[in-house]
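Let's have the full structure, built from the sequences with the hints guiding it.
Adding 201 to a residue's 1-based position in the sequence shown gives its number in my numbering.
Honestly, the hints are just simulated from the structure, not real lab data.
Among these hints, one or two may not hold up.
[As the list claims (entries may be wrong)] Estimated spans, in silico, between C-beta atoms of each pair:
{"id": "1", "residue 1": "L366", "residue 2": "V256", "range": "17 to 23 angstroms"}
{"id": "2", "residue 1": "T249", "residue 2": "R275", "range": "36 to 42 angstroms"}
{"id": "3", "residue 1": "G365", "residue 2": "G314", "range": "36 to 42 angstroms"}
{"id": "4", "residue 1": "D317", "residue 2": "A250", "range": "21 to 27 angstroms"}
{"id": "5", "residue 1": "L331", "residue 2": "V256", "range": "23 to 29 angstroms"}
{"id": "6", "residue 1": "P285", "residue 2": "Q393", "range": "45 to 51 angstroms"}
{"id": "7", "residue 1": "C263", "residue 2": "Q315", "range": "33 to 39 angstroms"}
{"id": "8", "residue 1": "W281", "residue 2": "G314", "range": "51 to 57 angstroms"}
{"id": "9", "residue 1": "A324", "residue 2": "M274", "range": "41 to 47 angstroms"}
We put the beta carbon where it would ideally sit given N, CA and C, even for glycine.
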Amino acid sequence: MSVILVFLAVIAGFAAWWLSHQRLMAKPWLEQGVIGDLVGVEGSALPTAKIGLGVFLAVVGCLFALFTSAYFMRMELSDWQPLPIPRLLWFNTGVLVLSSIALQCASVAARRGQMDMVRLGLATAGLTALAFLVGQFMAWRELTEDGYLLAANPANSFFYLITGLHGLHILGGLVGLGRTTARAWNGARPEQLRLSVELCAMYWHFLLFIWLAIFALLAGWAATFMDICRQLLT
Numbered sequence: 202m203s204v205i206l207v208f209l210a211v212i213a214g215f216a217a218w219w220l221s222h223q224r225l226m227a228k229p230w231l232e233q234g235v236i237g238d239l240v241g242v243e244g245s246a247l248p249t250a251k252i253g254l255g256v257f258l259a260v261v262g263c264l265f266a267l268f269t270s271a272y273f274m275r276m277e278l279s280d281w282q283p284l285p286i287p288r289l290l291w292f293n294t295g296v297l298v299l300s301s302i303a304l305q306c307a308s309v310a311a312r313r314g315q316m317d318m319v320r321l322g323l324a325t326a327g328l329t330a331l332a333f334l335v336g337q338f339m340a341w342r343e344l345t346e347d348g349y350l351l352a353a354n355p356a357n358s359f360f361y362l363i364t365g366l367h368g369l370h371i372l373g374g375l376v377g378l379g380r381t382t383a384r385a386w387n388g389a390r391p392e393q394l395r396l397s398v399e400l401c402a403m404y405w406h407f408l409l410f411i412w413l414a415i416f417a418l419l420a421g422w423a424a425t426f427m428d429i430c431r432q433l434l435t
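And the structure:
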């Protein structure tokens, strides 16, 4: 329950931040000047695409929060047998961090008009994201070869479900990233790519945050943290 409350708090914070950009306390009837010259009167300071992506990510965050809550509740039962975490997941985590950093660099380069750096950042992000997915598949294969099958134990099922769901979101993000990369290599100017690159970076940073939370959950660190919080509260 506490995990869901944390995610809801994050969503509420995003909503409050967005509303703060809407000039809700403005008094346009007191403003002087020509209509259309007033900054922010015509609409939100944020592009509509960013607002839409933010709402989508909030929904995805709630979905992962529900799975996390179910994970904590299910692990309390006696038939729960946690599976070992493949060492390859450490490498995959580092690769996903590099992918997120590459997109952030591409976003900064797009603002500065550095087209070569934009292309390099997008290509690096795409290749490292693909490496992450390949690494996740290899980790699955390693576990199945060791006998940790999907239906063998509830802990196994949750592992494959949560990591698979995250992988699907990475795969979906690669579609948008691929389109942006194709535009970058087909002669689009940095100012034309800026919003698309920023959206990709925003999406990737979110998926990195989700993966770090998943990794902590599967490694058992999250459960230890929850136990410490319960002890402090009692």
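Taking the Cβ atom of W281 and the Cβ atom of G314, is their distance within the range 51 to 57 angstroms? Since W281 and G314 have Cβ atoms about 54 angstroms apart, the given range 51 to 57 angstroms holds.
Quick check: does the Cβ-Cβ distance between P285 and Q393 fall within 45 to 51 angstroms? This hint holds: roughly 48 angstroms between Cβ atoms.
Given a hinted range of 41 to 47 angstroms, is it respected by the beta-carbon distance of A324 and M274? With Cβ atoms ~43 angstroms apart, the hint holds.
Take a look at whether the Cβ-Cβ distance between L331 and V256 falls inside 23 to 29 angstroms. holds, 28 angstroms
G365 and G314, beta-carbon distance inside 36 to 42 angstroms? Given a distance of about 40 angstroms, which is inside 36 to 42 angstroms, the answer is holds.
Take a look at whether the Cβ-Cβ distance between L366 and V256 falls inside 17 to 23 angstroms. holds, 19 angstroms
Within 33 to 39 angstroms: is that where the Cβ-Cβ distance between C263 and Q315 falls? holds, 37 angstroms
Could you tell me whether the CB distance from D317 to A250 stays inside 21 to 27 angstroms? Cβ of D317 to Cβ of A250: about 25 angstroms, so the range 21 to 27 angstroms holds.
R275 and T249 - C-beta distance against the hinted 36 to 42 angstroms: holds, 39 angstroms
No hint from the list above goes unmet by this structure.
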